[in-house]
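Asks: Chain by chain, the residues:
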Amino acid sequence: MIRVVLPLHLRRLAQVDGELRLDVEGPATQRAVLDALEARHPTLLGTIRDHGTKRRRAYVRFFACGRDLSHESADAPLPEAVTSGAEPFVVLGALAGG
Amino acid sequence: MSGVRVLVGTRKGAFVLTSDGKREARGWSVNGPHFAGWEIFHVKGSPAEPNRLYASQSSSWFGQVIQRSDDGGTTWEPVGNEFAYEGVPGTHQWYDGTPHPWEFARVWHLEPALDDPDTVYAGVEDAALFRSNDGGKSWQELAGLRGHGSGPHWQPGAGGMCLHTILLHPTDPRRIVIAISSAGAFRSDDAGKTWRPINRGLVSAQIPNPTAEVGHCVHRIAMHPSRPDVLFMQKHWDVMRSDDGGESWREVSGNLPCDFGFPIEVHAHEPETIYVVPIKSDSEHFPPDGKLRVYRSRTGGNEWEALTNGLPQRDCYVNVLRDAMAVDSLDPCGIYFGTTGGQVYASADGGDRWAPIVRDLPPVLSVEVQTLS
Chain A
0 MIRVVLPLHL
10 RRLAQVDGEL
20 RLDVEGPATQ
30 RAVLDALEAR
40 HPTLLGTIRD
50 HGTKRRRAYV
60 RFFACGRDLS
70 HESADAPLPE
80 AVTSGAEPFV
90 VLGALAGG
Chain B
0 MSGVRVLVGT
10 RKGAFVLTSD
20 GKREARGWSV
30 NGPHFAGWEI
40 FHVKGSPAEP
50 NRLYASQSSS
60 WFGQVIQRSD
70 DGGTTWEPVG
80 NEFAYEGVPG
90 THQWYDGTPH
100 PWEFARVWHL
110 EPALDDPDTV
120 YAGVEDAALF
130 RSNDGGKSWQ
140 ELAGLRGHGS
150 GPHWQPGAGG
160 MCLHTILLHP
170 TDPRRIVIAI
180 SSAGAFRSDD
190 AGKTWRPINR
200 GLVSAQIPNP
210 TAEVGHCVHR
220 IAMHPSRPDV
230 LFMQKHWDVM
240 RSDDGGESWR
250 EVSGNLPCDF
260 GFPIEVHAHE
270 PETIYVVPIK
280 SDSEHFPPDG
290 KLRVYRSRTG
300 GNEWEALTNG
310 LPQRDCYVNV
320 LRDAMAVDSL
330 DPCGIYFGTT
340 GGQVYASADG
350 GDRWAPIVRD
360 LPPVLSVEVQ
370 TLS
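Chains as they are written, first to last, in numbering that gives the first Met the number 0: chain A, 0 to 97; chain B, 0 to 372.
Because the hints were derived from the structure by calculation, they are not lab data. There's no promise every hint is true.
Calculated cross-link-like contacts (lysine to any residue; reagent style SDA-like; alpha-carbon spacing at most 25 Å) [said to hold, decoys possible]: (1) B:K11 to A:R55; (2) A:K53 to B:W101; (3) B:K11 to A:L7; (4) A:K53 to B:P88; (5) B:K136 to A:R56; (6) B:K136 to A:D49; (7) B:K136 to A:T42; (8) A:K53 to B:K136; (9) A:K53 to B:Y84; (10) B:K11 to A:H40; (11) B:K11 to A:A57; (12) A:K53 to B:E76; (13) B:K11 to A:P6; (14) A:K53 to B:V87; (15) B:K136 to A:R48.
Just a sample of chain B residues kept apart from chain A, beta carbon distances all over 12 Å, derived [to be verified]: (16) S28; (17) P169; (18) P311.
Beta carbons are placed, not taken as given, at the ideal position from N, Cα and C, and that holds for glycine.
All chains, please: the whole structure from these sequences, using the hints.
Replies: Here you go:
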């Protein structure tokens, strides 16, 4: 079970409150978590990563365990603390300034 | 009893303003924000089923969402948001003149079909026209527009290369007129399969060839349904008119204090009565002399009168964007426009007297009006 934290705008779009808990099949990677997230909440398709290329949108970031995982490979294993459910996988919007 | 519903898109959400047919200044209710915090470029209702609304919701962070309502904007449902260019997207010109791949950014304008609530057109940035035949669940590009030949020479304006105007012919479903900043106006006579530029007569002194076939910064085109061959255009500079479906254009700026502006609209019952909001440019983009004035021509252009009653006539430095003006079809005709200062002004008498119906919204991007029976 993997815990996922979404930013307010995406929680509203998916009509969820608080953290999500996802069961991910196979190795827990960014791709597997996002596939599971989009399968459960199809309204999030295209809002975190591009429909076609599946690349992360430019102003979306992935944090976990005090680290920025945004530039890691989508197929790299997530930290053990995330796969065990001890720490959440955090999706957030980049700072805007102003 | 008749009424009106005003659909307002803003930088931070959508608002639905409603009134009975009297449209008195104190008689409006404000519902919203819907999709709080998102940019709402456009909200428009289906002429075939007025409770069917479509909204373009977008964010630089989270991309594009299309929302649909089947109860006049009380509740909404996200529908399809995948806008994939047909085939190999190709390139247009970038700001430095180099080829740049077409990249979808957002939907600027949604135009529901006149006869089918499930068919809706979307004008997008980077400029292209899409259509959905299933109520917004899936979108297909009408790729003949980008592919007709001049596409590689289109270049974005400062606001982005957006397709912002979609005019559907009231009796000939094969004819569609669209406009792109800053490529110009284009027309299809076969329901969107093939296209050609319709910019003859436009003169843009700021571009290398002022009378080029493409490259003109068209801001808006308006049409009265009873005379679909008569088109009125607000260009970056110049107010223009065509009497032959866009085959040729002539300037009708006349005595306007400034022929720059964004929106243009036609009176619901008087096809020769048109409205613009002059804006001072090239770089300031606020009303001349700090006076917010709508200009009305009852002669289809050239002779204009300032409409000021109820509008701020000092210290006003707002802008009125291209999709932020609309008319109702009551008698007398109501005119509505929204400003970047968050006011929505209405006139229930064809423009003679104005009053704000709401005045502290986020910057207004679009205004559409539905007349309800």
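Asks: Take the hints in turn and mark each one as holding or not.
Replies: Hint-by-hint comparison with the structure:
1. Between K11 of chain B and R55 of chain A the alpha-carbon distance is near 24 Å, which keeps this suggested pair within the 25 Å criterion.
2. Of the pairs offered as hints, the one joining K53 of chain A and W101 of chain B holds, with about 18 Å between alpha carbons and a cut-off of 25 Å not exceeded.
3. Our distance criterion of 25 Å between C-alpha atoms is met by K11 of chain B and L7 of chain A, whose separation comes to about 14 Å.
4. Using a Cα cut-off of 25 Å, the hinted pair K53 of chain A and P88 of chain B holds, with the two alpha carbons roughly 17 Å apart.
5. For the suggested pair K136 of chain B and R56 of chain A, the alpha carbons sit about 22 Å apart, so the restraint of at most 25 Å is met.
6. Of the pairs offered as hints, the one joining K136 of chain B and D49 of chain A holds, with about 17 Å between alpha carbons and a cut-off of 25 Å not exceeded.
7. The suggested pairing of K136 of chain B with T42 of chain A holds, with an alpha-carbon distance near 11 Å, which does not exceed 25 Å.
8. For the given pair, K53 of chain A sits about 20 Å from K136 of chain B by alpha-carbon distance, which is consistent with the 25 Å threshold.
9. Between K53 of chain A and Y84 of chain B, the direct Cα distance comes to roughly 16 Å. Compliance with the 25 Å bound is thereby established for this hinted pair.
10. About 24 Å separates the Cα atoms of K11 of chain B and H40 of chain A, which keeps this hinted pair within 25 Å; it holds.
11. For the hint pairing K11 of chain B with A57 of chain A, the CA-to-CA distance comes to about 21 Å; that is within 25 Å, so the pair holds.
12. Between the alpha carbons of K53 of chain A and E76 of chain B the distance comes to roughly 24 Å, so the proposed pair stays at or under 25 Å and holds.
13. At roughly 16 Å between alpha-carbon atoms, K11 of chain B and P6 of chain A fall within 25 Å of each other, so this suggested pair holds.
14. Between K53 of chain A and V87 of chain B the alpha-carbon distance is near 18 Å, which keeps this suggested pair within the 25 Å criterion.
15. Under the criterion of a C-alpha separation no larger than 25 Å, the hint pairing K136 of chain B with R48 of chain A is consistent with the structure, at around 19 Å.
16. Every Cβ of chain A is farther than 12 Å from the Cβ of S28 of chain B; the closest lies at roughly 23 Å, confirming the non-interface assignment.
17. With 12 Å as the threshold on Cβ separation, the claim that P169 of chain B sits away from chain A holds: the shortest Cβ distance comes to roughly 34 Å.
18. Every Cβ of chain A is farther than 12 Å from the Cβ of P311 of chain B; the closest lies at roughly 27 Å, confirming the non-interface assignment.
When the structure is compared with the earlier hints, no violation turns up for any of them.
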